[in-house]
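Here the sequence shown is numbered in the numbering used here, starting from 238 and rising by one per residue.
Any given hint could be a false lead.
What the hints assert, rightly or not - Mimicking DSSO-like on lysine-lysine, the simulated pairs with C-alpha atoms at most 30 Å apart in a straight line are:
#1 K247 <-> K304
#2 K247 <-> K301
#3 K247 <-> K305
#4 K297 <-> K247
#5 K304 <-> K294
#6 K294 <-> K305
#7 K294 <-> K247
Everything labelled a hint here was simulated from the structure, so no lab data went into it.
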Amino acid sequence: MVNMEKSLMKNPFVLFIIPVIVCTFLGYLSNNLMNGALTGISIGIGFVIGMNVFDRKQEKDERKESKKK
238 MVNMEKSLMK NPFVLFIIPV IVCTFLGYLS NNLMNGALTG ISIGIGFVIG
288 MNVFDRKQEK DERKESKKK
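Build out the structure end to end from the sequences listed, making use of the hints.
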């Protein structure tokens, strides 16, 4: 069965590929495809790393709260 509780935006691949596609498309429209692709890859990597850092911090805070109770 598919776990429907997990949001699609929690998927690291989706979080990476959306900025790559958008920035590549914007680069194509502005006649600077290579710069758009590189920017999209950079932003995508940043989103994935940021999501991982945010999730770790959230788990750490939840553990602290459960210890207080």
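Which numbered conditions among the earlier hints are violated in the structure presented, ordered from lowest to highest?
-> none
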